[in-house]
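A.B. asks: If you read the sequences in order, they're chains S and F.
Position one of the first sequence corresponds to residue 1 (this note's numbering), numbered consecutively onward.
Position one of the second sequence corresponds to residue 343 (this note's numbering), numbered consecutively onward.
Quick caveat, the hints were computed from the structure, so don't treat them as lab data.
Everything numeric in this text was worked out from a predicted model, so none of it was measured.
Treat each hint with caution, since some may be false.
No more than 27 Å apart at the CA atoms, straight line, and that leaves these computed lysine-lysine pairs for BS3-like [what the hints assert, rightly or not]: (1) Lys36/S - Lys170/S; (2) Lys512/F - Lys63/S; (3) Lys506/F - Lys422/F; (4) Lys293/S - Lys12/S; (5) Lys512/F - Lys177/S; (6) Lys506/F - Lys203/S; (7) Lys203/S - Lys510/F; (8) Lys227/S - Lys510/F; (9) Lys459/F - Lys12/S; (10) Lys510/F - Lys177/S; (11) Lys12/S - Lys512/F; (12) Lys510/F - Lys234/S; (13) Lys617/F - Lys237/S; (14) Lys203/S - Lys12/S; (15) Lys293/S - Lys617/F; (16) Lys377/F - Lys459/F; (17) Lys546/F - Lys422/F; (18) Lys63/S - Lys46/S; (19) Lys293/S - Lys377/F; (20) Lys335/S - Lys377/F; (21) Lys512/F - Lys203/S.
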Amino acid sequence: MTYALVLNGCSKTYPDQAKALTGFRDAFLAGFPQGKTIIIFNEEEKKQSLINASATVLVELIKVERYQPETVLTALQNLEHESCRDFYLFPGDQAGSELSVRFASRMGGSSLANIYSLEAGAGSPVCRRAAYNNYLEAEFSLDRKPYCLSLQKGFSAHTGKEKPKPPEMKVIEHNAKELNSNKAGTGINGTGAPDDSFVLDYKYTESDETTNLESARFILAAGRGVKNRSGLEKVEKTAAAIGAEVGVSRPVAMNAWAPLSKLIGVSGHMTGPELCITAGISGAAAFYAGIEKSACIAAINTDPGAPIIRSSDLAIIDDYEPVLEELERLIMENKRIEGEDR
Amino acid sequence: MQILACFKVVPDLDQMPAGDWLVDDRFRVETGYVKNMLNPYDESALEITLRYADQARRGNLPLNLTALTIGSKQADTYLKTLYALRYDKAVRVASDRDIRFLPEIAAAVISEYAAEKNRADVLIMGMQSGVGDNAKTPLLTAEYLNWPCITGVVAIEPANNGTKNLLKVKSMVDSGILEQTVRPPLVLAVSNAPGTYLRVPTLKDKVEYGKKPVEVQEMDNFKTGLAAANTSGGCRLTGLKPINHRREGLIIDGETAAEKARILYHSYLRERLGKL
Ligand SMILES: Cc1cc2nc3c(=O)[nH]c(=O)nc-3n(C[C@H](O)[C@H](O)[C@H](O)COP(=O)(O)OP(=O)(O)OC[C@H]3O[C@@H](n4cnc5c(N)ncnc54)[C@H](O)[C@@H]3O)c2cc1C
Numbered sequence: 001m002t003y004a005l006v007l008n009g010c011s012k013t014y015p016d017q018a019k020a021l022t023g024f025r026d027a028f029l030a031g032f033p034q035g036k037t038i039i040i041f042n043e044e045e046k047k048q049s050l051i052n053a054s055a056t057v058l059v060e061l062i063k064v065e066r067y068q069p070e071t072v073l074t075a076l077q078n079l080e081h082e083s084c085r086d087f088y089l090f091p092g093d094q095a096g097s098e099l100s101v102r103f104a105s106r107m108g109g110s111s112l113a114n115i116y117s118l119e120a121g122a123g124s125p126v127c128r129r130a131a132y133n134n135y136l137e138a139e140f141s142l143d144r145k146p147y148c149l150s151l152q153k154g155f156s157a158h159t160g161k162e163k164p165k166p167p168e169m170k171v172i173e174h175n176a177k178e179l180n181s182n183k184a185g186t187g188i189n190g191t192g193a194p195d196d197s198f199v200l201d202y203k204y205t206e207s208d209e210t211t212n213l214e215s216a217r218f219i220l221a222a223g224r225g226v227k228n229r230s231g232l233e234k235v236e237k238t239a240a241a242i243g244a245e246v247g248v249s250r251p252v253a254m255n256a257w258a259p260l261s262k263l264i265g266v267s268g269h270m271t272g273p274e275l276c277i278t279a280g281i282s283g284a285a286a287f288y289a290g291i292e293k294s295a296c297i298a299a300i301n302t303d304p305g306a307p308i309i310r311s312s313d314l315a316i317i318d319d320y321e322p323v324l325e326e327l328e329r330l331i332m333e334n335k336r337i338e339g340e341d342r
Numbered sequence: 343m344q345i346l347a348c349f350k351v352v353p354d355l356d357q358m359p360a361g362d363w364l365v366d367d368r369f370r371v372e373t374g375y376v377k378n379m380l381n382p383y384d385e386s387a388l389e390i391t392l393r394y395a396d397q398a399r400r401g402n403l404p405l406n407l408t409a410l411t412i413g414s415k416q417a418d419t420y421l422k423t424l425y426a427l428r429y430d431k432a433v434r435v436a437s438d439r440d441i442r443f444l445p446e447i448a449a450a451v452i453s454e455y456a457a458e459k460n461r462a463d464v465l466i467m468g469m470q471s472g473v474g475d476n477a478k479t480p481l482l483t484a485e486y487l488n489w490p491c492i493t494g495v496v497a498i499e500p501a502n503n504g505t506k507n508l509l510k511v512k513s514m515v516d517s518g519i520l521e522q523t524v525r526p527p528l529v530l531a532v533s534n535a536p537g538t539y540l541r542v543p544t545l546k547d548k549v550e551y552g553k554k555p556v557e558v559q560e561m562d563n564f565k566t567g568l569a570a571a572n573t574s575g576g577c578r579l580t581g582l583k584p585i586n587h588r589r590e591g592l593i594i595d596g597e598t599a600a601e602k603a604r605i606l607y608h609s610y611l612r613e614r615l616g617k618l
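Bound conformation, chain S alone (with noise of 0.2 Å):
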């Protein structure tokens, strides 16, 4: 079996993208080893440390002007219409996951998205990830290669020990023109895919909107039950006092109380702090996803039945505005009495 990581080096999620499809290959194509990695990449200068973080030998780099998924498709495709390999790893993220399951299609392989899990060996593969919002978890046998699979978003695998580095690395560089500019990428219609083109202009602006919440070790987060912007506003401020990183629900979000920045789950981000706590929010199992793997959960809810309950590891029914107070007023008073102290 031949395996292809396939990073994408324009993104500066870049280094943990390339940690978690390493520890998805450690965990789970640990046998085979005829890995590659492809790097799709626009800076020359930042080369050479996308290199350093690639987990094969055998390093093939595609350069593109900009990211730009039908030039990068196009260039993956014919890079690798001649030697395909078996499986192709793509990032949890919103472009790896449109690369796998555009990339199959035109390969002519299976893709699955979000996957958390594989067995690989003689057979077909097998695949599980969730379904039903995040209430199920579905399994798939694969039965078509290329096998072109993306992470879950925030996946980690904790493999023990870390690999040692290849000794050497063999880089190959490619340029996405070039790729693209004698062979045609076609599609199952047997007519050509489109190339960028149909885009007369472009600008991109990053967002000035900055947040902690995948290292955050203390998170407050809120949900609808805030029930306004000026809500959420109080929350903020507990947690500024405290110290906690603030995070949301999608109806917080949706309703544009938060930005889109602060959202905890699977279409958010994926938490992992020692104690979260929880505000207003029902637990549903796509925003407890995001929260999973806190230390400790303690749920503030009004209703007993909320899911978010079940799933902390304590609660409190009631309203959370005087029980938030109050643990603003005693985590403040221990900070005052600590700095006393030293």
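Following the hints, position chain F with the ligand against chain S.
C.D. replies: Okay, now just chain F with the ligand, sitting in the frame of chain S:
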């Protein structure tokens, strides 16, 4: 601009009682007794389309909106609401096939409808829907049509020179916003798009537009699409089981909210917070 917005009606799975996730030997799950809803990502796609329509109408741009769903009669109330919201055509592809984990079929039907029956310039739909959670339909649709695709779309509007049938598309990429002027045809996929809950039609519009009959097409009439779908796919569902989210759920009792907070803090949180 001819826009085809596709959506799915799904059970509100968050209303399922925890113990009721029973999977039968054909991997079916009885969800019929919880109320249904528009798949949230599709709901955003439908609203994003309406916002485009508001602007196009103001600019006197040619516009035709079609809403399409694949499924049973229960979708018809949603289709009528879309008529009331000024969609020009509401179509249901009638099917009782179990396509929960066969996004290839949904994509084949949609692409055939778009290319042959509707001649759409733009296709817009949610990236994923609960139940199958396949996250493939818009992507496969783009592949079957050989159209480009933009994911993470949060808004569309007519490009400044609207007469040229160009579109301005805003999408979320990584941690920023990408704004592109694009030339259709293309497929747009919507995920989380803040502030795009579907508007409610006015009573007047309900009376005036909401009574039009839904166009029903039989799935079996989509032969070429289905044939194409049979050559793709390649994943078979072989298991389905509940995920256990249970923790201890220790309920902290007290006379008042403040007392509960004190118990929580002193007995459980102080030490934990001290180690952070
Ligand atoms: C494809 C898809 C992806 C999704 N991705 C995500 C995701 O990434 N993240 C996410 O969060 N959701 C996601 N969802 C939505 C998810 O299914 C739920 O709808 C959402 O998590 C519910 O948010 P909530 O708990 O804040 O709101 P609700 O479910 O409405 O819960 C509000 C809770 O607040 C409690 N409450 C009300 N007032 C008070 C008060 N004064 N004090 C204390 N408690 C109070 C109520 O009892 C209730 O339990 C997704 C859905 C789909 C279909």
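A.B. asks: Check each numbered hint from earlier against the structure, then list the numbers of those it violates in ascending order.
C.D. replies: Checked against the structure, the hints that fail are numbers 3, 8, 9, 12, 16, 19, 20, while the rest are satisfied.
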